[in-house]
Amino acid sequence: MGGRKYKLNLNKVIKNIRPVLFSESFPNLSYLGIRSSEYANEIAAAIAQSSFIAESPIVDNLRVLDLSMGNLTDEGLEVLLDCPAIQNLHTLNVSNNCVSEEFFEQMEQLAPPDCLLIKDFQEPIVDRNVGISRYYALYE
Amino acid sequence: MLNFIAIANPENRRLGFLKQALSHFNLPPATVIPYADLIAGKQTLEQFKVPNTIIRFDSPERDFEIDKAIIAAGFAVPDDGQHQRISPAEVAFLEFDKGRICYPRQWYLGWRHLLQQWLQQLLVPCVDGVGFMNHPEDIAVMFDKPACHEKFRRHNIPVPRSLGKIHSYDHLREQMQQQEIDRVFVKLSHGSAASGVVAYQANSKFESAITTVERVRENGETLLYNSRKIRNYTRREEIADIINILTAEGVQVEEWLPKARLQGCGFDVRVVVINGEAQHIVVRLGKSPMTNLHLGNERGNSEELLEKVGAENWEAMKYTCEQAAKLFPRSLYCGVDLLILPDWKQHAILEINAFGDLLPGILWNGMDTYTSEVKAILQRNIKEG
Numbered sequence: 001m002g003g004r005k006y007k008l009n010l011n012k013v014i015k016n017i018r019p020v021l022f023s024e025s026f027p028n029l030s031y032l033g034i035r036s037s038e039y040a041n042e043i044a045a046a047i048a049q050s051s052f053i054a055e056s057p058i059v060d061n062l063r064v065l066d067l068s069m070g071n072l073t074d075e076g077l078e079v080l081l082d083c084p085a086i087q088n089l090h091t092l093n094v095s096n097n098c099v100s101e102e103f104f105e106q107m108e109q110l111a112p113p114d115c116l117l118i119k120d121f122q123e124p125i126v127d128r129n130v131g132i133s134r135y136y137a138l139y140e
Numbered sequence: 001m002l003n004f005i006a007i008a009n010p011e012n013r014r015l016g017f018l019k020q021a022l023s024h025f026n027l028p029p030a031t032v033i034p035y036a037d038l039i040a041g042k043q044t045l046e047q048f049k050v051p052n053t054i055i056r057f058d059s060p061e062r063d064f065e066i067d068k069a070i071i072a073a074g075f076a077v078p079d080d081g082q083h084q085r086i087s088p089a090e091v092a093f094l095e096f097d098k099g100r101i102c103y104p105r106q107w108y109l110g111w112r113h114l115l116q117q118w119l120q121q122l123l124v125p126c127v128d129g130v131g132f133m134n135h136p137e138d139i140a141v142m143f144d145k146p147a148c149h150e151k152f153r154r155h156n157i158p159v160p161r162s163l164g165k166i167h168s169y170d171h172l173r174e175q176m177q178q179q180e181i182d183r184v185f186v187k188l189s190h191g192s193a194a195s196g197v198v199a200y201q202a203n204s205k206f207e208s209a210i211t212t213v214e215r216v217r218e219n220g221e222t223l224l225y226n227s228r229k230i231r232n233y234t235r236r237e238e239i240a241d242i243i244n245i246l247t248a249e250g251v252q253v254e255e256w257l258p259k260a261r262l263q264g265c266g267f268d269v270r271v272v273v274i275n276g277e278a279q280h281i282v283v284r285l286g287k288s289p290m291t292n293l294h295l296g297n298e299r300g301n302s303e304e305l306l307e308k309v310g311a312e313n314w315e316a317m318k319y320t321c322e323q324a325a326k327l328f329p330r331s332l333y334c335g336v337d338l339l340i341l342p343d344w345k346q347h348a349i350l351e352i353n354a355f356g357d358l359l360p361g362i363l364w365n366g367m368d369t370y371t372s373e374v375k376a377i378l379q380r381n382i383k384e385g
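Protein chains in written order, with the numbering used here: chain A, 1 to 140; chain B, 1 to 385.
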């Protein structure tokens, strides 16, 4: 983590999804799934950022945002929830990530989002880093 | 008009490609039947026993609940294998553990059993006019690497030499010595996407297992994971442990053939055969013995490939792929993995994949794989109609 290659790949990923977040590629998108991501926090930050600076950010139209099976942590989810447009979502799926139970509890008390939050199966990021290269095989 | 029925996991992106292909011919989207509903018995396929129905089974991938249900369905299927077994009650407690190789033989037994069951729902009693894009019985065979290898060998399709059924690490060493083969590929009988694949070499002094498998010891047991990070194990204890687990689940072991090189890499070619014709191709450049693209390998330049191979050899290779596909006459399409030897002429079929048509962005005659498949169905229907 944090190596040069990681940075290079990260920049590539963010550059590739930017046109989607800025509604240039699919202006009427209602489901956005960026799953199994190894850059989940950075992607969450990019989504939040686009909602402030894009002319018509994709989150404004989005019904479902699916960030499941990645390595999203408290930090990344907090940045995402700080963005008001998230309240427009019908469903936010952050299952199979690395958000702590305490964070969810705190969130429930302070500012529960209006949308349906799917948050099953969180595990510590320490465990996740060990298996960061692991993949769920497709069936061909 | 034809009614397309797609059996799939609703979140699978393959459905999007199908929808796009259908809309290309002004056809409405397919009716999607989730695997979850079929397995749970909430729906059956009997409702589709009407003429002009085309059924497409697509990959049941990327849904752990479905994997669990398929594994559970495999528990009661009789089998003489040495594989790890898990009861449906225990399956219910399995938690998603990304990349973990999970009961592949029992999964396969469940998958084959379910495909048979769905076929029965459609065929008994028999109704004319229900068609499959790929036939469930063919799909079941294509998910069985030893069965495919044997079928190809019997029909003189060139394949790497098989070492026969291998039961364990010791048995593997013995057979390699006896058959004088010092480099082999060990592949899970029912794995795809390079899951459970080991490129193994051994001589009297040294041995090495280059693999996608990540071996983890936890609470006194070994867990195997699929990893994009290719590992090279050289300690006998680790290699033997991995091979013994894989062989218990069933493996296909064959000689590790040398590959021709393109752009500085070994490579193989994914050839999609649709309606009997070799169409879409992707060159997969391997930085390691494994060439699968999701391992970080690059797509190679197919024009350069065709130039190097030459028109005549390429025709022969396409013909081989088409002959391989022809052994599954009730199936419209498949993805064939073609290996070309360093002389650019000899070649061998490594695998055939029932759902090997996911090649986003690859066109043939201006069509992607899904569009070409739908077109073939429509043409067939006009002829028959």
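Hints are computed from structural coordinates only; laboratory data are not their basis. Note that the structure is a prediction, hence the values are computed from the model and not measured. Some clues are possibly wrong.
Facing chain B, according to a computed beta carbon distance under 8 Å, are these residues of chain A, among others [to be verified]:
no.	residue
1	Phe-22
2	Leu-110
3	Pro-113
4	Asp-114
5	Cys-115
6	Ile-118
7	Lys-119
8	Phe-121
9	Gln-122
10	Ser-133
11	Tyr-136
Derived pair list, reagent style DSBU-like, types lysine-lysine, alpha-carbon separation capped at 35 Å [as the list claims (entries may be wrong)]:
no.	chain 1	residue 1	chain 2	residue 2
12	B	Lys-318	A	Lys-5
13	A	Lys-12	B	Lys-383
14	A	Lys-15	B	Lys-287
15	A	Lys-7	B	Lys-98
No residue lacks a Cβ here, since even glycine has one placed at the ideal position from N, Cα and C.
Structure-based check of each hint:
Below 8 Å, beta-carbon pairs count as interface contacts, and A:Phe-22 has none with chain B, the closest being about 21 Å; its hint is therefore violated. Here the hint on A:Leu-110 is broken, as its CB sits about 29 Å from the closest CB of chain B, past 8 Å. This hint is violated: A:Pro-113 has a C-beta 22 Å from the nearest C-beta of chain B, more than the 8 Å allowed. Look at A:Asp-114: its Cβ only gets to about 23 Å from chain B, farther than 8 Å, so that hint breaks.
Taking 8 Å as the C-beta contact cut-off toward chain B, the hint placing A:Cys-115 at the interface is violated, the least distance being around 18 Å. At its closest, the beta carbon of A:Ile-118 sits 13 Å from a beta carbon of chain B; the interface hint therefore is violated under the 8 Å criterion. Interface hint at A:Lys-119: violated, since its Cβ lies 14 Å from the closest Cβ of chain B, which is beyond the 8 Å cut-off. Using the Cβ-Cβ criterion of 8 Å, the hint placing A:Phe-121 at the interface with chain B is satisfied: the shortest such distance is roughly 6 Å.
With a least beta-carbon distance of about 11 Å to chain B, the hint placing A:Gln-122 at the interface is violated under the 8 Å criterion. A cut of 8 Å between beta carbons decides the hint on A:Ser-133: the least distance to chain B is about 4 Å, and the hint holds. At a threshold of 8 Å, the smallest CB-CB gap from A:Tyr-136 to chain B is about 6 Å, leaving the interface hint in force. For the given pair, B:Lys-318 sits about 38 Å from A:Lys-5 by alpha-carbon distance, which is inconsistent with the 35 Å threshold.
At roughly 48 Å between alpha-carbon atoms, A:Lys-12 and B:Lys-383 are farther apart than 35 Å, so this suggested pair is violated. Restraint check for A:Lys-15 and B:Lys-287: the C-alpha separation of about 25 Å stays at or below 35 Å, so the hint holds. A threshold of 35 Å between alpha carbons decides the hint, and for A:Lys-7 with B:Lys-98 the separation of about 23 Å falls inside it, so the pair holds.
The structure does not agree with the numbered hints 1, 2, 3, 4, 5, 6, 7, 9, 12, 13 stated previously, though it agrees with the rest.
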